[in-house]
Structure formats: C-alpha cells, structure tokens
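Asks: Residue-level listing of the chains:
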Amino acid sequence: MKRTLGTCYYPEHWPEDIWAEDAVRMADLGLTWVRVGEFAWSRLEPAPGQLQLDWLERAIDTLMAKGLNVVLGTPTAAPPRWMLDRHPDMLAVDDGGHPRGFGSRRHYCFSHDGYRAEAVRITRILARRFGARAAAWQVDNEYGCHDTVYSYSDAARRAFRDWLCQRYQSPDALNQAWGNVFWSMEYDSFDQIDLPNLTVAQANPAHALDFRRFSSDQVVRFNAAQVAAIRAHSNAPVSHNYMGRTLEFDHFATGERMEIAAWDSYPLGFLEDRSEAPARHKRRYARQGDPDFQAFHHDLYRAVGRDGRWWVMEQQPGPVNWAPHNPAPLAGMVRLWTWEAFAHGAECVSYFRWRQIPFSQEHYHAGLLRPDSAAAPGFAEAAQVVRELVAMPDVEQAQAPVGLVFDYAAAWAWAVQPQGQGCDYFRLIFDIYRGLRKLGLSIDILPADTRDLAGYSLVVIPGLVTIPERLMTAIAKARAQVLIGPRSGATPRNRTLPGPLPPAIPGLDVTVTRVETLRPDMPVPVDGAGAVILWREALEGTADVLDTDVAGGRVAMRSGRLTYLGGWPDPGLLRRLLLRACRDAGLPHLDLPPDIRVRQSGPTRFVFNHGPDPVAFEGRTLPPAGVAWG
Amino acid sequence: MKRTLGTCYYPEHWPEDIWAEDAVRMADLGLTWVRVGEFAWSRLEPAPGQLQLDWLERAIDTLMAKGLNVVLGTPTAAPPRWMLDRHPDMLAVDDGGHPRGFGSRRHYCFSHDGYRAEAVRITRILARRFGARAAAWQVDNEYGCHDTVYSYSDAARRAFRDWLCQRYQSPDALNQAWGNVFWSMEYDSFDQIDLPNLTVAQANPAHALDFRRFSSDQVVRFNAAQVAAIRAHSNAPVSHNYMGRTLEFDHFATGERMEIAAWDSYPLGFLEDRSEAPARHKRRYARQGDPDFQAFHHDLYRAVGRDGRWWVMEQQPGPVNWAPHNPAPLAGMVRLWTWEAFAHGAECVSYFRWRQIPFSQEHYHAGLLRPDSAAAPGFAEAAQVVRELVAMPDVEQAQAPVGLVFDYAAAWAWAVQPQGQGCDYFRLIFDIYRGLRKLGLSIDILPADTRDLAGYSLVVIPGLVTIPERLMTAIAKARAQVLIGPRSGATPRNRTLPGPLPPAIPGLDVTVTRVETLRPDMPVPVDGAGAVILWREALEGTADVLDTDVAGGRVAMRSGRLTYLGGWPDPGLLRRLLLRACRDAGLPHLDLPPDIRVRQSGPTRFVFNHGPDPVAFEGRTLPPAGVAWG
Amino acid sequence: MKRTLGTCYYPEHWPEDIWAEDAVRMADLGLTWVRVGEFAWSRLEPAPGQLQLDWLERAIDTLMAKGLNVVLGTPTAAPPRWMLDRHPDMLAVDDGGHPRGFGSRRHYCFSHDGYRAEAVRITRILARRFGARAAAWQVDNEYGCHDTVYSYSDAARRAFRDWLCQRYQSPDALNQAWGNVFWSMEYDSFDQIDLPNLTVAQANPAHALDFRRFSSDQVVRFNAAQVAAIRAHSNAPVSHNYMGRTLEFDHFATGERMEIAAWDSYPLGFLEDRSEAPARHKRRYARQGDPDFQAFHHDLYRAVGRDGRWWVMEQQPGPVNWAPHNPAPLAGMVRLWTWEAFAHGAECVSYFRWRQIPFSQEHYHAGLLRPDSAAAPGFAEAAQVVRELVAMPDVEQAQAPVGLVFDYAAAWAWAVQPQGQGCDYFRLIFDIYRGLRKLGLSIDILPADTRDLAGYSLVVIPGLVTIPERLMTAIAKARAQVLIGPRSGATPRNRTLPGPLPPAIPGLDVTVTRVETLRPDMPVPVDGAGAVILWREALEGTADVLDTDVAGGRVAMRSGRLTYLGGWPDPGLLRRLLLRACRDAGLPHLDLPPDIRVRQSGPTRFVFNHGPDPVAFEGRTLPPAGVAWG
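Residue numbers (my numbering), protein chains in the order written: chain A, -9 to 620; chain C, -9 to 620; chain R, -9 to 620.
Bound conformation, chain A alone:
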C-alpha cells in the first residue's frame, strides 16, 4: 500500500480568501489528505436547527479541486453553547460532584441520551450532505482526553443502574458477585446503587470495576451511534483519533465498528505528561520523545484497526503547548516520527496542524506553517518525507514474530486494585514492550480474545488478570514460547485472588500463594541477573523452577513451552527472561545501542536513532534523528 501524508485544517479559522492558496500549498507539498469539520459545530449550526453547511462545502470543494482527499470530522466533541440550554444536565460531573462546564471542549456526559441524540442528528446531517464527498470520516475527537470517560452525573447514575440491572438481573445476584456481605454493603434494589465516588473509604473494587466496564460501554455505544448514522449515507471508511496511554475505555470494542484506527501522536508532550520515566530519561529524550512510546501505540492501533488499517491522524510538527515543558523537536525528528509510523504500517500520517493559530487554547501549538504563513521547521521535514516516499518502494507489513497481549479490562482491574503505588498495568506492559524492542524484535499487539497464536515464535502475556477461555485455548494450541505473568490469570471469575493460576492451562502447575508489593527502594535481586521490583508473588507447584531470587523465592517456573513469571521484572531480569525465550524459540535478536530501535516491515528493515548523538550501528553511523532502511 502506498503511504500518504495529510494535515488538519480548520477553514473556519481563516479568511475564505486564503483557502485556495492553502490548498495549493498543501498539494504542492505533496499532502493527499486534509481533515476538516472537527469542532465546527457552532459554525455549522449557529442556532438550533439553523444549518449553515455551505461554507464547509465550499471549503471541501476548494480542497478537492486541488486533488486533496477530505477526512470529515463530526463536531461532537465541542457542542455549542446553545446545546446547554436544550440539555442543561448534559455536562459530565467530576468525582467531587462538580459539573464540568462549558468553555473548552468535551463537556458532555457519554450517558446523556439527549446529547447522544443530538450528536447523531448532526452526524446524520453531515453524512447526508457530504457522504459522497468525504473520502474518510473521523467520529468525535480524542475520547477520554481531559479525563472525560468517567462521569458522576445523574444521567450516568441512571444508566449505571440500568446497566447493572441488565448484567445481574437481581440485586441478590449483584450482591453475590460483588461480595457485598462484606461491610454490610448489600442492596435491595438497583435504585440504591450509587456511583463509586465520594465513599468514605475505598469503594468495593467490584463496584469500581463495574463502573469502569460500564463507562467503557457508554463510549462504545456513543461511538456506535454516530458510526451507524454515517454508514447510512456514506461508503467512506470511518475512524476515530485515539490518544496515547488512554486506558479508560476498550479501544478494541470501539474499533470493531470502524475501518480505521487513528491516533494522535505527540511524542514530546507525551514524554513530559504521560510517562513515569526518571528525570534523566526525560531529559535525554526531551527533544525526541520516548524511543518506544510511539512504536507501542503504532502497534496497538494496528491491532485496533480493522484488517490492521491505521493512521496517525495528528502528528506533532513542532513544540506543543500543553505539557509541563514544551521544547522544540530535534531537527529531523518530524521526519523520523513519520517514517517510524510508516515502518509500523500507518497508511497516512497527518500533521497537526496546517497553520499555527493566533488565538485560543492552541495559540502556542506549532503547525507546519507559522501564523504568518511562513514555513515552520516541520514543513521542510514533511517535504523530505514526500521526496523519500517517491523514491522508495511501498512499505509492506507482515506478521511479527512476537505477540504481546494487551487488554483494557486488565488495566481496569489493576487500577481498582493496584495493591501498591506504581503498580500500573500500562507501565508493566510498556516495560515489557521496551524490553522486547531493545532486543530488536518486532511486535504485534494482540487483544485478549485472540483465538489463534499461529505464526508467533514468542507470546508474552503480562498482567492479564483474567485470561479469557478463548485465549486459554489458543495458548494450549500454540507452538510459541509463552511467557505469562505476573498476575496473569489471577482472577478466573473476577473473584478468587490470590489463588491458583489458571487450571485451564494444561501442563503448567503453578500456584500463586501470596502477593506482596515492594517499595521502589527495595528490589529483590534474582540469582543471575536483575531483580524483581514492585510486585512479587510466592509460587508453588510442580513446574520446573527457572529462576529464584536471593531470598529463595521462585521467580519463574516452566513446563514445556509455558513459563510463568511471578514478579515484575526490572530490565536486567526481563532481558534474561527474554533472551532465554528467544533461544528456546529459535528467534534471533539484536544487541542494539541504547538509542537505536529497528522495525522489520515485511522485507524492509528500518533503523531509527532516537538519540541526540550520532551512533555507529552495523557498520554505518546514524546521525541524531537518523533513519535508515534496507
């Protein structure tokens, strides 16, 4: 497939008389996609029912006249002010009970039926009018951004009670499932059940977990309603632009209804804002971004997209404005980020935004152009990518040799019962992902309901609190080395924990008899290499003991292809475990310098230098931000 570039454009922000020139410059640059419409509701419908779609049609036609394809965004992430008069109770409510007001964006509760109907209405209007023109769709914008999945509104409370009623059918069944006999928390009626905020002590984790499941379902339902409205009038593929490290709803579930998964990649902002890496790491990569964060999300969204179709819908082109610190990228990084996305299979990388805006919340957010329309530094790097794309053959994709199971429900289970500070599911998954990448391995992210592990040499299943039956079967049938744990299978039926490790994995007799969590300053060294940190299990069973720690505790146990890991590995222990698994799987690995990462894309291997210094690797020297392929 040919890889393409695009940009995000807000014609309503600029005088109409410069649209045509902008379109010319976009086309001249070599872009083929332009996203419009997102956030434009107050211009599309300035008052209830008073539609003004002509300007958007003119904008779209102007772009299409230059050969640009349009991604049309639904404007539902920014309902206009008049919407509040129609639905005064549509606002989400924070966990302290405060309504989250108008004046920015995402000020709606996913559970509000009235607002959902309005969102469907405007979407249907756009689909009818532009269904033939739009080459692709984006539904809403960045679900979950600004912590907007969880709402404690009256609408959410009503919907939660209904959801519980559907799930449990009777209060007794719910009491039994939640263990409400503890602390006399039993309910006589679903109407007695509140949202799990503002309790005196921690709410029942079962209560909190169901609220997270419910909240995810509300996002899925909200999204599905818009997708259906689009489908009725358009054959163009539909997408949503997800974010980095957003765990509050199940992206696989939203993704099922859409052709394309897109995400918004802000490497520098995310490093500052969404990483627990130590200061020295943040400093070293301040101008390049974390070497693995983007790749992880590329692989994730390739799994979320139908048939592996995915985009970068918004690509950071220069300094942003919303992180604790907002440095400029190292020269070359905009190109590197683009190529890395292609190497991982992106169909399109779309720069956010075309031109820096001289007002508003994104006043200081860079674009490809400066506010005075001069080219900003990212512009030339995009142009370089265009030239390089012309010169090189298509980037192909193939199944990776390594599968890493990633599951949103597991993230929720960790979140409601972390058992210790720092015990975060994403952090665990990302530690494992980084460990694999440092060995030069290419990775496929797999959802927990994967049916088939054929073709993988190595499958890693960390922290998957509940292992679905389907995956159990796949594990049993697989020919891969499978590394399971820590905490994987701890909760077979959402109840028993700690308890016996999944009895349904034939031949792996390991039982977790105790869990402890560790201060960051008390790693437990493992004989041979590395240490267990943060989370440590006590293991029993007849499986072979592979590793023990200096206190005599069993760290890893194996039967045949299956290995159970009873603790959170530090980088040293993880490397030891992965090297052993590679050896046993006959899977070759690389010894990469710290800043180098590679990605095997079908027959092509890409090499990236994420560091600020030149690095010698395999006989050549990559400059800072260097990209090589061959």
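Bear in mind the hints are in silico, worked out from the structure with no lab data behind them. Each hint should be verified, as a subset may be incorrect.
For chains that are exact copies, the list does not tell them apart, and a pair is met inside one copy or across any two.
Unchecked claim - Using 20 Å as the maximum straight-line C-alpha spacing, the simulated SDA-like pairs for lysine to any residue come out as follows: (1) -8 / 43; (2) 272 / 421; (3) 272 / 514; (4) 272 / 509; (5) 272 / 512.
As the structure is a computational prediction, the values presented were derived from the model and not from experiment.
Starting from the known structure of chain A, arrange chains C and R on it as the hints suggest.
Replies: For chains C and R alone, coordinates are given in the frame of chain A:
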C-alpha cells in the same frame, strides 16, 4: 495472667458448612478467642426491623462448642443501605462540604441523633440475645479510621452550637474566651457560629480547638450509649478496637466506660502509612515495622484500659492491602509482634483475619489461612507462640520506672497552632518515646490528669500545652526527676502564649519569652551533643542553665528535680538529656544496638531483634526477628 | 524629608486603662505614627446602625495627647457577622464553587454591590467623625491576601457579564476578540458567558485574561469608592497597605487615587512562603530574608505611590506565625530592614504590632512588646534606629540610573499562558532585578505606560507581553540602552503570538519565529557565559547578533541602543548582558560580595550585609546584619 490468642472471623462470609471445621482448626491451633458480628448488620437486619439473628447464634454456638470464647462486635461501623432511607442526613460531610457516601464503611456522622438511636437499638437487640453467650464485646470498629471523627454536617453544626452554648452560656463569654474581637469575629448568638471549615484564612484557633474538643465528645457520647445498652444485658467486659496514631478523639475518655482497651496493630502498614521516618528507615524496617511504634501503642492502650487491661484485637498476620506498599513480613515477625504485645501486658493477641477473603476491599489482605484454606505463613508462627506459651510461666506486669505523659487535648492544641511544618505532637512524643526505648527503659504512658507520680524514677512531660492542676500537684509531690517541655504549660488557661511557664510549679523559675520554628535543614547545635530542631524557645529565669546552644540560647534549665527543655531535641540532644536524668534518678540504662529493644515485664526481661540481620547482644546472637526472654 | 517610625495598635484588644501607658511608651521610644481602627468594625458597629465610636475617639485622643499621629484604617477587610444576615450572598466563592465563609477575614466578594455600599457607609461614618483627627488613612487591609481577588460568585458572574458587555458591546465582537470559533465556543448573548472556572480543559486564555482584567478592575472600583468617601470629609493622605508578590490586581491603578503607597514587609515569612529559591538559599537567608525581595518592593511601591510617597505600614519585628517555618530574625535585622526601607525612600516604617496578642490567629506573631508588656528583641532595634535617625541628615532620593518596567497586565498574560512550568512573570522580573542589584545598581521600577525615559542610562523591559504605544514612543526617544525581552511585545493586540516583535520600534528588526519552554534540567549554554533557561525563542531579522547559544540559536540581537533578548537568562548570561549594557551606557557598576547590597540615596550610599557572617567590603568589615552609610 495467662496470655491468650484469638482471631477475627466473619461466618457470614463463608458457607455455613465449613464453620465447624474452621472452629476445630482454630481450637487445634490453640486459639481461645474469636471475634464475630462486626460489620454484619445487613445480615442481622436485612430490612428495618426484620431481624435474622439465628445464623449468628448458630455460628457462636459452633465456636463455643469447640471451647472458643466469643467477642461479639456491634455492627455499627457499617450501617446497611436501608439506613440511609430512614436517615438521609446521617452521612458525615467532609471539610469541602461533600457528604461522605454509602459504599464502604463508617459513613455516619457521630452527631446524628437518629443514627445514634439506631446504633443503640441494634446493640440492645444483640445484647439481649447474646448477652449471656458473649465472653467479651467490641463496640463499633476503629473510631476515626478514614478520617471520620470530623464531620461538617448539619447535624454536627447543630450539635456544635448546642455544645458551645452549654460550655459558654452566652455569646459574650464565648467571644471573650475565643478572642473574637480580633478581626471582628464576634457573635451575637450561638446560631451564627459555623463549623470552622471553608473560612477564607485560618479559622480562629480557639474556634478550631473547640471543634476538636466537641468532636471528641461526640465520639465519647456515641460510644457510651452503646456501652450502656450492652451493660443492661451482659456482664462481659466491653472493649473498642482503637487504631495506631489516631489523635482525633480522647481515648482516655472513651476508655473510662470500658473494661478493656484493644487496638489493631498493623506494623508494616503503619510504617508506610503513618510515619514521617526517612526513606532509609522505612526501607530497613519495611518487613518488620518500626521498632517502637507497636510498643508505644501497647503502652498507651495499657494506660487507656481499665486496670491496665488491653488486647491486640487485630494483629497483622501477613501482607495487608491498604498501605502505599504492602510487603510480606520477615519470617518470624508475626511471632515477634505477638510476644512483644505479651511483654507489654496484652491479655490477648487476635489475628486478623482467620482466612483471606476472595472478594471485597480486603481481597488482598492476608489471613492465617489462604483463600483456599491452606495455612498461610502466619499460621505456623501463631502455632509456635502457642507452644511457647505452654512452656513459659505467665508474663507479669509491674509499674515501669519511667512515666511519659500523653494527652489528646495537647495533640489538638499543636494541630491548630503548629507554628511550623512538622511540629506535630505525636511526632514529638514518639521521638521522646524512641529515645527512652533506645536506652533500654520500660515506660508507662500516663494521662495528663494523673494524680500521683509515686514509684517513677523519671517522668517526661513533652508538649503538654496545658498542664492540669492535678498534674501540677503531682509534679510537686513527686520524687522523680521530671523533664518538662518543650511547650509544656504554655497555655495555662488556653489563652496566654507564649508566656510564663507554669507559675504553679514551685521552684522552677523559667519563662518562655519567644518561640521560633526552624526549617528541617537548620538545626541549632547544642554545646556538648546534638541539636535543637523544629521548635525552639527563648528561656529566661533564675533556674540553673544546664545546656546552651551554639548561638548562646538556653536549651535546658533546672531547679532540683525539675528540668525544663526549651526546644525539640534531636536524638543526640535527647540522649544527653535522658542520660543525665537517668544518672540523677539513679536509674540504670542499657546501650542497645540499633535494632534491639527490650521490655522488662515484672521479673522477666524480653529482648527483641527488629532488624533483618543477626545481632550480638549480651553474649548471645539474636537472629533476625529474634525474641529472647529470661 | 525626615524619616519616621510607627506601629500598629489595636486598642480594642487591650483594657482601656493601659492605653495611656502604651501611648507614653510609644512616644518615649520615638515613634510618631500609630495605626488604629483596622478590623474594628464589630466594635464600631456591634449591630447594624448601632454605632459606638466613642471608644475609638478616646483611643485616638489618648494617642494624640502624647504627640502621636494617627493613621486611621477603615475596617472593611473584616465585616462583622451580622453583615452576612443582611447580604447572605456577599461571600466570595472559590474556584471549586465553595463559598468562602465567615470566621477569619476578607470574606467578601469585590463584585458585591451591597457590600461595597456598606463599606462606603462605614467609611463615610468614620471620615465624618475622625476626618479632622486622622493624620493619614488606610483603606481596607491587604487586598488580595489569602487569594481573595478572584471570586466565582453569582455577583462576580453578573458583574463580569456587564463588564464584558461594556468592553465588547456585542457577542460577535467578543467572539471575534476571543477567537471563540475555536472549539465552537461562540456565544449568542453575554448572559451565556460563565466565569472561567470548572471548564473541562483549560479555558480560552482570552476568557481567562479578561476575567483577570475584570477582577483587577473590581478591586480598583471597590477601593476608589472608599477613597471618595474619605475625601469628602478629610484632607489627610490616603493609603492602602499592599503585600509582597501580589500580582492579581493592578496596584498602579489603585494607586492613582491615593497619595501614599504602603506595603507590609515580612522578610522571613515571604522568603519561606513566596519564593521559589532553592533550599540552600532559603536556609542561608532564613533569619535575614531574601537580600533583594524587600528592596524590590520598596522600589515598586515608590513607583505606585503618588510622587514617590510610600511607607512600610507593617514591618516584621520578630517571628511571625503564618509561614511554613517561622524563625526569629538574626539580631540586627529589624534595624537593617528599617534602614533599607529608608534608603529606598520610605517616609515611615511602622512595626506590626505593638504588643503580641495572647489569643487569635496571630497569637504567635511577635510584636515590639511581649504579651506581658516586656520589650521583645525588636524593641531595642527600633530604639537604635531612632537614635541613628537623630544623628544623621535626612535621606534624600533621586532618580536611579536604571529603570525596570514592571506591569501587572503582563503578569496576567504569563499566568494564563505560561507555556511551561516555572514560566512566571514575577520570577523573571525578580531574576532581572537581582542581577541588576548584584552589580550594585540602584533601580527605579517603571509602569508600562511610562511616557518618558529621560535620565536613565539603562532601561530593562523583560516579559512585557504587550508594549503600550506610549512606551514604544518613549523607547524611541530615549537615550538609554534598552534591553527588551524575552516575550516583550509578543502580543501587539492581544492576539498574534508568536509573531513579529513590535514593528513600532524603529530600527530593531527582530522577529520571534518560535517559542519553546525547557525542563529545568536542560539549560541551553550560551557561547561566552551562562545559559538560556526555561523560555527560549527562535529569532530572525537583520539586527546584529550579539550572542548565540551552543546550538547555534540567536540569543540577543541589537540595533543601536536597542537590544532584544530571546530567552530567559540564567545569572551568568544575565551578568554578561548587563555588564555589556553598563559598558555601552557608561554606567559604573560594583563587584559586590554575595551577601552585600547597596543603595544610592541621593548623595548617600547605604551598604547592607544580608548574610550571617562578617563581610569585608571596600576596606571595612560589615558585621552580620550590618548597615553602613556615607
């Protein structure tokens, strides 16, 4: 007295058909006490007035049939959901004005008359039915846990106004006592007085202090009502299970009505959660708990219990789930903690809980048994204690040579006027207690209204902002060395501060003329040893100057047996002061290695190794977690 | 002008029979001013309309009988409790939506018309009765203290809408000015506009900025109403006692209506509470205060006061009670602080307070006297100043050689768009001020609307986001070296940023093409000396490049007298820039030891040792807290 062991059991959490086997295993282990009933309200009264007590009777009978004695807990810390329909305004309100909702426990305001009546009603029902069976009672559970003493509800506001009216009789008297002329805060009527939250700047400390006194009185009143209901139908001793480092209500005042003071001892959880010790200390003792924290509370609750009767009602048996980090105890520590409690006079140590629960907020909280009923590591240590108890004579108690005055009202005074970060009364008291323990001294905690100091060689009175008249008299009559200060006697009538040190102590002419508080990085070294930290007073008077600091300030002054200490001592200064006091009192001390602590229990001296390494002491080597007696 | 001393006295706190003796002691000490009346509303009007002014008249007469001049404070910072019954909605509301209640002070919303009328009423009553007696007035107390400028009350909302309507005249004009097309934030009516709290994401910075402008205007209006009431009945000069580092309202705008600017100087409290200096700095100056903080505010309030008239209305005389730590001043510092104020032009330094109070929120706040009326340490230092004042000629003032432009509106612009943690306008200004002071330079603070820069050798204009036209003209006409930036002129019309540096400065062709903010651990070293920290701009243009950083970025560019600085300078870079500017301006500088500061007051040069050690300087040794002049 024979020392005994017990456990906490929730029959309602388990199928009735395993109760008998549980009882057998408890008895076989050598336990003699089982606490039941706590938190079971929703099963005892599933709907208002619909009592279902038979199951509890069967459970009690099952336990008693195996010779176990039952402690019956009143279930009032966890009112069922239907209670909220009867008393919608019974919830406590946090200092931001949010009601603290249903869904965990302790969701009641101590000032709500309706709920107090309900609590008395269910207690009376239980006392009638089980008054003859119960061998002991526990009222409610862990008053103050989850910050539940202070409530800013309407019920609290009404009760506070009434309390103020009773105390002051007229607004003018209150205005005068509080100094409300300052900042025009004068009131015309008690109905104008609000609770001291949500003020623009700090509330008047007199206002805040009275709110603390009031709040403590509300706990005392709530508790007394249940005690009276039990007394009417049962002769068994009554207790409450207090917590560690809980200062918000006067335990001596609640304790007056009950025979036994119990507390819930979680050494590892408390070290992580309730200590300002530096990280290196927390790391060293992460698996053993602070070497002095448990001992302090043992001594405290011996003072709170009538005639020195006290228990550990809940003893940590393995990892808990609620602290920032939850490591497993070092092997042997469950035994050590048990013996240390006995050495300090505990009648009973009861392990929490019998079996780890496979659901709920305490899902990950260890028990003596694992969820699958196999023995957890703590089980064998309890069994070892049983064997050792059989082999050794009774542990006797005698008055200690050192008295340390501890007062809840002083804690409130420090809290409302700390004058500097870190100036916390408990921290001061605990610093002093640790300093005494490091010299091998055994200590009695004394309330501030102690009438008689006879028998003590040394009495220490730190931070006792107001010295009651009765204690003044006792000091004057005592033959002990008395070390007073810092801040002791600063507020003779809750008003004048800083001002002359208590003129009623004959012969100690010391005046505090100025108070300053110090950054943690600016200790003021004292000539000879150590330094003054945090809190420093300027002293005048004719008493002898014992110590001066390098700036020429007087640190300690003495007249005869009485010494005033005008600053917060660091460990070096404290050691110097205590060694001098011991010498003057003719009181022998020990030079203990850092991890070793001793307790003299009548004729028996116990030695404990709180460290993770073997320690040589007095010719023998104690292993980690080692206990010796002789 | 003869310099004078005073004190703050609350006769209502003390028995009337000691007033006369207090007056005698004040006069004997050599004080000439006494402030009274502040906070006394509940005694002046115990019930609505029931005035009791006689006691205040007796107090004033008692003081005047001893030759003391009275500053009469209006009591409006502490409305009595009955005011709430008359105006239940007068309370300010915090940004979480909680009313800020009665029980301390400043519990009013500046936008509440009813309360403003009450404030004018009581002021008029006092002015009528005491207009002839008062030698000076103080309006209210410490506007902005306890974060009281911003209120999110209904009254504020109404007033804000009205203010916006006046400013923009139509919603369309507002939408255009704010850029509300972004995120569909457009309004149809002013009644739809809420205050900018509780939005989901950051509010539009234009919205937030207008709220800050509005809030400042409300303070100005509140103050002006009282000033007018006084003027009608009194010819005495009027003042307000401002605070340190209070940026929330425009002091120049309030100051326009009053003769005298006063401020409350608490060097030790402010160092602990209002400084981001590192711990080692706070430790070194813990007993002396920051060496530049007081001087900065002296120079600031000299600019705020009409014709340069300014006072220290409250001077810290010993330990205070409200900072995180509250040490006692080094011996001699009360004298030093007093002399430093005189050196910078203060007419009067008034110690707060006369006698330490034995109750209330200021229980532990030192006075000149102890609670028992004995002299506290500050008393003797005041006496020493009195003796020294007699002996030395008047302290004269003259224009300083250096002007530093300081602007409240710039502070608000930085606050709503900091673009990176730590990018705070005050911090920038204070870094520059300190750099100038370390070179021994005396400084005038200049408002942004300064018309004329004549007489200055060097003018520094850092962070002035919008450069007013008037100042543009003055810069063009000036003969001084002018150092502009960073971020100065970034927003010509509050809109375009980043964009071309002010085109209206003839001859300085510099354009800012990009802004980035830097982690604190990633300074960008500059060739020659120092580094750019925190805020870094990319510069283009034809002006001469003066400095470049190691990454090749332009740091400073010059045309003739005008230099633009495109980044936040660390001390090394700042020193390099200032030394160059001094050289080019022919302005001599000093090489001061770290603890030494000087102030040229007309013909007299004062030298101050702010350190705890003796320092050799210019052939003599200054002791700690030493002051020298000549």
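Asks: Tell me, in ascending order, the numbers of any earlier hints that this structure violates.
Replies: 1
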